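J.: Each chain is listed here by its residues.
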Amino acid sequence: MDMRPDPLIMMTTPAQAPTTTPTKVAANNVNVYYGAKHALKDVSVDIPEKSVTAFIGPSGCGKSTFLRCINRMNDTVASCRVEGLIQIDGKDIYDPALDPVQLRARVGMVFQKPNPFPKSIYDNVAYGPRIHGLSRSKAELDQIVESSLRKASLWEEVKDRLNDSGTGLSGGQQQRLCIARTIAINPEIILMDEPCSALDPIATARIEELMEELRHNFTIIIVTHSMQQAARVSQRTAFFHLGILVETGSTSDIFTNPTDKRTQDYITGRFG
Amino acid sequence: MTDITAGGVSPPIRRVEFDTAESKARLRGRYRSEARFKAYGIAALAVAAAFLIALLSSIVMRGIPGFFQHYLVADVLVDAAKIDPEGKGDAATLRAGDYTAVARAALADAIPGVEGRQLKRELNGLLSSGAGDALREMVVADPSLVGQRVRAPLLLADEADVFLKDSGTKIRVLTDTRGVASPSATTGDVTILVGANDFADDVALVKAELKALAEGIDETVARRKARGATVESLADLEKEAADLRRRYEAAATSETLDTKTASRLVGINGGLVKVKEMTPTLVKGEVIIPLKSTADAAPGTWDIRVYETPESNRNLNDRGVAFLEELKAKGLIESQFNFAFFTRGDSREAELAGIQGALVGSILTLLVTIGLCLPIGVLAAIYLEEFAPKNRITELIEININNLAAVPSIVFGLLGLAVFLNFFGMPRSAPLVGGLVLALLVLPTIIIASRAALKSVPPSIREAALGIGASKQQAVFHHVLPLAMPGIMTGTIIGMAHALGETAPLLMIGMIAFIVDVPSSLTQAATVLPVQIFLWSDLPEPAFKMKTAAAIMVLLAVLFVMNGLAIWLRKKFERRW
Amino acid sequence: MAGWYALVVVALMLAGFALARGRAQSVAGGNYAGMHSLPSYHGLYTASLAFIPALITFLVGSQIAGYLATQSALSALPNDIQSDILRQGAALREAVNIVRGGPVGAASAEVQSAAVNYASALSAGQWITLAVGVLAGLAGLSWGLSRVSMNFRARNAFEKLVHALLWICATIAVLTTVGIVFSVVGETYRFFFDPAIKGKPTVFEFLFGTEWNPQAAMRADQGDIQTAYGFLPLLTGTLLITVIAIAVAGPLGLFSAIYLAEYASPGVRAVAKPILEILAGIPTVVLGFFAALTVAPYIRGWGETFGLNVASESALAAGVVMGMMIIPFISSLSDDVINAVPQSLRDGSYAMGATKSETIRQVVLPAALPGIVSAFMLAISRAIGETMIVVMAAGLAANLTFNPLDAVTTITVQIKTILVGDQEFDSAKTLAAFALGFVLFFVTLVLNFIALKVVQKYREQYD
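Sequence lines, in order, name chains A, B and C. If you're matching positions, the first sequence starts at 1 in the working numbering and goes up one per residue. If you're matching positions, the second sequence starts at 1 in the working numbering and goes up one per residue. If you're matching positions, the third sequence starts at 1 in the working numbering and goes up one per residue.
In case anyone wonders, no lab produced these hints; they're calculated from the structure. None of these values were measured; they are calculated from a predicted model. Note that CB positions come from ideal geometry on N, CA and C, so glycine has one too. Misleading hints may appear alongside valid ones.
Said to hold, decoys possible - Pulled a few chain B residues facing chain A out of the computed Cβ check, cut under 8 angstroms:
| # | residue |
| --- | --- |
| 1 | Arg15 |
| 2 | Val16 |
| 3 | Phe18 |
| 4 | Arg26 |
| 5 | Leu27 |
| 6 | Arg28 |
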């Protein structure tokens with residue numbers, strides 16, 4: 001990756017809050033361009049393991065863009081160019097030797113709108129294990145499907161209709177199905193791009209509960225519009241504004257004692 | 001990854017591995033299948049492109065010669081006795097003159113001394129029955145030419161023309177003759193004695209040819225037997241093979257030439273003799289082009305000409321070839337661009353057939369089509385897009401239009417036949433009926449395209465017009481329709497291109513008749529370009545095959561221009577709202 | 001005659017427009033704002049009122065004139081011709097031909113006099129029509145003029161007429177369908193059930209007969225024992241060629257569409273799309289020529305090198321070329337449905353670590369399946385209804401075979417063969433063509449209808 005750190009800009013980057021848990025994802029001076037548009041400017045952040053990190057900020061601030069850099073989903077956008085260094089467990093994920101297909105098996109993603117495949121519930125969950133060859137037998141696959149659905153706390157609702165189409169579920173169920181689909185390949189990191197924005201409050205609450213359970217085993221990064229949600233589910237929060245990472249810190253610090261004026265204005269509702 | 005808080009009982013899920021040999025092999029396999037899948041797509045496109053190239057190149061290769069025509073360009077004596085014996089000099093008389101006779105006289109001048117009815121007929125057969133047409137035009141335009149010698153192009157008949165275009169046979173000329181040759185006569189049947197064994201090689205070659213023929217027949221017989229053909233059905237073939245075998249196995253050095261083997265001619269003393277029988281030292285044959293004398297010809301001054309393609313595999317026989325070669329050697333044959341192809345109607349004679357009748361028929365038919373389906377289609381689209389209430393009737397109309405777009409075209413032909421011809425008693429073969437049928441055929445296309453164009457005009461335009469007090473119709477006709485016009489025109493041109501290429505429904509309403517005259521009204525019998533192509537493609541003459549391909553090139557050129565125009569319109573007026 | 005009529009009507013309309021507008025202008029006296037409609041709307045309204053009755057008179061009058069002329073021609077024919085429906089039709093056609101100046105043979109004296117009758121009756125009828133039409137137009141015109149006033153809502157009245165015109169145009173498509181149904185169903189009914197038709201098969205014989213030979217002698221003394229109207233060989237022939245065509249076009253079209261929709265760079269698309277569009281725009285008569293003159297001999301030669309006996313008009317040649325015709329059809333329809341699959345599904349799959357081809361095969365194609373199925377159905381309906389390629393390359397032999405190297409015939413070829421050239425409308429042979437047309441129309445209609453419904457459902461699902 002072409003990386004030319006500009007010392008001046010590096011100095012203006014906000015200092016990173018000290019972390020107690022080991023770092024899972026480390027970003028250093030990440031710049032993203034869509035064609036001529038500079039969408040993300042010199043983002044540097046460390047994301048700790050086995051916790052929930054929330055990205056907040058007004059729309060168009062670059063938080064989703066940054067999220068999609070972490071599993072290289074931006075590769076599918078032809079006009080997109082990523083500069084800078086992003087490491088997972090100390091390894092550069094934009095290393096040409098690294099295959100995005102492999103990377104995405106380690107970094108799962110849940111999208112804004114539930115997007116179950118037009119297949120049965122079973123096949124939706126079995127999709128990842130099948131393409132990655134994770135099961136040696138049908139019985140093992142059945143087990144993976146069951147345990148993934150259990151972890152996504154969907155099992156009880158669908159165990160009798162595993163062969164029904166995944167698109168026939170309710171919105172909240174669909175989103176949990178997508179989470180089950182993601183954890184069926186046991187990724188290390190799960191990226192969630194506003195996973196509750198299309199859901200009603202009850203479904204949202206269930207997903208939030210689920211995240212609380214999952215964070216013991218996965219590193220979770222969530223992009224959210226809702227500051228309340230960030231406050232509820234995350235341990236750490238990063239605030240993005242106009243393509244710049246303004247401030248990161250523990251969630252309680254950000255919400256009670258922000259250092260930057262922009263963060264303060266945002267969380268107090270001056271804009272956003 | 002071990003214990004799970006939720007569920008609790010579930011065993012751990014295996015994590016995707018990256019560094020084991022197995023996982024690497026698996027990944028390689030996945031990428032191989034990725035590459036394979038992508039290759040299928042490229043291959044599919046390549047096949048489609050290859051097919052298109054094969055199609056176009058095959059048409060062009062066949063069609064290019066169809067645009068040219070060979071002429072005998074000679075100094076023609078415009079004989080007053082044949083053109084205007086009474087010296088009237090008016091246009092009608094000049095037009096009625098016997099120009100064929102003039103043309104034939106010119107040909108006889110070019111190859112003098114040809115004797116015998118059969119030979120003369122074959123010589124004259126090289127000229128088209130319309131050979132004098134160009135000359136006629138020249139004379140009518142300039143009556144002072146009567147009695148003069150003028151250089152005029154005389155149209156050759158299609159067999160001669162095709163022979164020259166295809167080079168119907170390879171001709172080998174052997175000039176390294178060793179002996180003296182002495183012919184017995186200058187015309188008619190002739191015997192030529194040669195000193196050396198000049199024809200020994202040829203006799204051997206003919207025997208070899210006969211042997212190859214016999215073996216070919218044997219193979220066919222064996223193949224058919226293997227497939228269970230009856231013995232009786234093969235008897236003729238076996239007899240033929242036996243005859244051939246007898247001929248080449250015979251020790252006799254004399255050999256008769258027939259139409260199954262390469263033809264041989266002897267060029268001697270300015271004449272040409274077709275060999276009928278030969279021994280190593282003597283040939284017997286008939287004179288095609290008269291010899292100047294019976295004098296002995298020294299070695300090297302006479303030659304043997306071999307027409308490699310057997311006569312039975314050619315459309316032009318040895319005499320015709322010999323005459324043509326002679327004319328060619330005298331520099332009298334010229335190939336010219338065939339303008340008449342665009343200015344003549346159909347004809348039974350391939351060299352006289354042109355596409356003007358079909359072109360005019362197509363234009364008349366399309367005029368009717370566009371005159372009907374453009375207004376009806378646009379008005380229908382306006383109704384459906386702007387005024388139609390959302391009810392069952394509207395829905396029915398819409399379903400109907402979509403289904404109609406996919407009804408086979410021949411069914412529209414049945415409609416034309418049963419309704420327009422039978423029920424309303426309209427004339428058969430007329431551009432009027434053809435245009436009606438095609439209008440119904442392309443109407444759905446135009447309605448669908450016009451609706452899309454109307455839909456693409458933003459509602460703000462309508463609202464703006466309504467806002468200043470225009471009625472709904474005024475808003476649509478004054479503001480929306482002009483903005484939708486480029487899209488409508490694009491759809492209309494594409495629909496017209498479709499109509500221009502359509503054949504099947506027009507066959508049903510009788511636009512398939514052989515029509516020589518160029519139609520001049522909508523109710524006159526006519527044909528259209530695609531039907532003309534269909535008619536010609538059915539004819540056995542190779543010259544018509546060339547004309548067919550040439551007519552296809554014209555049709556495709558018009559279609560490309562129309563589609564290009566549509567694309568240009570779309571690009572030029574493409575508007576992003 | 002029609003030209004004169006049109007001229008007179010146009011003159012009436014122009015006069016109506018000018019008079020009514022002038023009158024409206026004088027009524028308004030410069031106070032256009034106080035008038036409900038602009039003067040030109042009064043003009044347009046009056047012109048329409050002149051046009052409509054004149055048009056109706058023409059349509060009705062020319063039909064009546066034609067009928068009366070035919071009756072008058074008939075009366076000149078001797079009784080024996082009048083009683084025989086076939087000879088009567090032939091004589092009438094001949095007489096009409098004489099009048100129209102078309103191709104005529106040596107006509108008998110009776111036909112000549114029939115022609116004279118026909119011509120005079122027709123001309124009289126046309127003149128009367130013209131006179132009545134002018135009167136009707138004038139009546140409409142004067143009524144329109146009488147309505148011109150400050151408060152008359154000429155614009156609304158005229159717009160009502162325009163609205164009616166729009167509605168009529170929209171229903172012409174429906175009328176076309178009605179016309180098709182009327183022509184094929186009526187003649188098909190006669191084919192099976194009209195007692196006057198000799199040599200016709202029963203429905204059962206038609207549907208399950210294995211022999212098709214409508215060309216056998218028609219003359220009474222030769223009997224009609226040889227004629228056979230067994231539909232099965234045509235069905236198998238049509239299906240055989242269709243199967244070959246789809247076997248060629250299905251994979252090629254689908255893979256082209258997948259490549260263009262998912263892989264191709266804009267540059268490749270800019271080249272490949274026009275290629276497919278050109279292929280789609282090539283008239284079928286050209287493809288037929290290519291099939292008969294280039295592909296068929298090639299396949300035959302290729303078969304011979306393998307010791308296979310290939311008919312010179314093999315189903316394979318026609319099927320392959322028809323497949324080529326259908327490639328752009330399948331590829332453009334499939335391209336549309338593949339593009340309609342939402343990007344979020346692809347993203348979901350990529351995010352699972354799937355490769356592009358895995359995503360396409362396991363997510364995109366299953367999602368697009370209904371649309372692709374209907375694309376194939378439309379393509380099948382195309383192949384069944386295609387005429388020129390099979391007419392030129394598939395031949396006439398009604399063989400009941402599934403061997404692609406044999407010659408077969410199809411429904412469309414038989415329709416074309418029977419109906420091209422002179423035909424009597426009262427023979428079983430001609431009516432058989434309409435029965436075939438009925439089958440063709442019915443089958444393609446069902447295929448299209450289902451396919452369009454499926455596509456519509458599919459579009460709604462992802463819109």
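J.: Mind checking the CB of arginine 28/B against every CB in chain A and telling me if the closest is under 8 angstroms?
T.: violated (10 angstroms)
J.: Does valine 16/B pass the interface hint, meaning its C-beta sits closer than 8 angstroms to a C-beta of chain A?
T.: holds (4 angstroms)
J.: Can the hint on phenylalanine 18/B be confirmed by a CB-to-CB distance to chain A that is less than 8 angstroms?
T.: holds (5 angstroms)
J.: When the nearest CB of chain A is found for leucine 27/B, is that gap smaller than 8 angstroms?
T.: holds (7 angstroms)
J.: With chain A as the partner, please determine if arginine 15/B meets the hint condition of a C-beta pair closer than 8 angstroms.
T.: holds (5 angstroms)
J.: Close enough to count: is the Cβ of arginine 26/B nearer than 8 angstroms to one in chain A?
T.: holds (5 angstroms)
In this structure, the one hint that does not hold is number 6.
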